[in-house]
Amino acid sequence: MRSTRMRTAKATAAAVVTIPLVLVGLASPSHAREASPSPSPSGTFGSGCSALSQKANTAKDKISEAAAAYPQLSQLVSATVRAKLNGTLDGKPHITVFAPNNQAFQKVTVSQLASLLSNEGQLKKTLTYHVVDKQITPNQLSNGSFTTVEGSKLTTSGSGTSFKVNGKANIVCGNIKAANATIYVIDTVLQPPS
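Residue 12 is where the sequence shown starts when you use the numbering used here, and the numbers rise one by one after that.
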């Protein structure tokens, strides 16, 4: 009985010594990772992704159908239909859309929004300012300058998973895949330079 207690005590002591060593071994690599600059994300990223509910996987859908799968993009989808841009955007092979969410449209005053929606030419100009005619990867966002389909320049800045468009619109969920597009959901409606 005494030898059983001694073996149990030795095993317990060994476990008590081993656990901290294992924990120290696990802690070391994470400290090394924190010290290095954070790489660009490879998948979907952003603080707003969890709140962005979707109906289905959109990777096989053209951009207009993919955007329509997200209830938070309903105002953008409605504006795109009103501007008669669905066919144009769906017909482009590799685009990037900086998609204003519904909260972005709520920041626009009622009179500005009414004016924009009633002027098809201005609406088309504003919406195509949110589209770049090439696929933009997350690594290109840190210090990017891109020509939009509207014809003006748009800039991106930031690092890790925190990026801005034109210095004011936050990318709240990025790198969402559609069949012909990459979508970056933003919290502000961008205005093309006049």
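Hints were generated in silico from the structure; no laboratory data involved.
Since this is a predicted model, take the numbers as computed values, not measurements.
By construction, the Cβ of each residue, glycine as well, lies at the ideal position given by its N, Cα and C atoms.
Treat the hints loosely; a few may be bogus.
[Stated by the list, open to error] In silico DSSO-like cross-links for lysine-lysine, where the CA-CA straight-line distance does not exceed 30 angstroms:
{"hint": "1", "residue 1": "K164", "residue 2": "K73"}
{"hint": "2", "residue 1": "K175", "residue 2": "K103"}
{"hint": "3", "residue 1": "K188", "residue 2": "K135"}
{"hint": "4", "residue 1": "K164", "residue 2": "K179"}
{"hint": "5", "residue 1": "K103", "residue 2": "K145"}
{"hint": "6", "residue 1": "K164", "residue 2": "K175"}
{"hint": "7", "residue 1": "K136", "residue 2": "K179"}
{"hint": "8", "residue 1": "K179", "residue 2": "K135"}
{"hint": "9", "residue 1": "K188", "residue 2": "K95"}
{"hint": "10", "residue 1": "K145", "residue 2": "K71"}
[Stated by the list, open to error] Pair ranges (Cβ atoms, derived):
{"hint": "11", "residue 1": "G98", "residue 2": "K145", "range": "14 to 24 angstroms"}
{"hint": "12", "residue 1": "V121", "residue 2": "G171", "range": "18 to 28 angstroms"}
{"hint": "13", "residue 1": "E131", "residue 2": "S58", "range": "31 to 41 angstroms"}
{"hint": "14", "residue 1": "V121", "residue 2": "A70", "range": "34 to 44 angstroms"}
{"hint": "15", "residue 1": "S156", "residue 2": "G54", "range": "20 to 30 angstroms"}
Going down the list of hints, with the structure as the test:
1. K164 with K73: At roughly 25 angstroms apart (the allowed maximum being 30 angstroms), K73 and K164 satisfy the hint.
2. K175 with K103: holds (25 angstroms)
3. K188 with K135: Distance ~23 angstroms between K188 and K135 Cα, so the pair holds.
4. K164 with K179: holds (15 angstroms)
5. K103 with K145: holds (9 angstroms)
6. K164 with K175: Holds: K164 and K175 sit about 14 angstroms apart, inside 30 angstroms.
7. K136 with K179: The given pair, whose Cα atoms are some 19 angstroms apart, holds under the 30 angstroms limit.
8. K179 with K135: Measuring from Cα to Cα gives roughly 21 angstroms; hence the hint holds.
9. K188 with K95: It holds: about 22 angstroms lies between the C-alpha atoms, which stays within 30 angstroms.
10. K145 with K71: holds (18 angstroms)
11. G98 with K145: 14 to 24 angstroms: The hint (14 to 24 angstroms, Cβ to Cβ) holds, given that G98 and K145 are roughly 20 angstroms apart.
12. V121 with G171: 18 to 28 angstroms: Violated: the Cβ-Cβ distance is about 36 angstroms, outside 18 to 28 angstroms.
13. E131 with S58: 31 to 41 angstroms: holds (34 angstroms)
14. V121 with A70: 34 to 44 angstroms: holds (36 angstroms)
15. S156 with G54: 20 to 30 angstroms: Taking Cβ atoms as reference, S156 and G54 lie about 25 angstroms apart, which means the hint holds.
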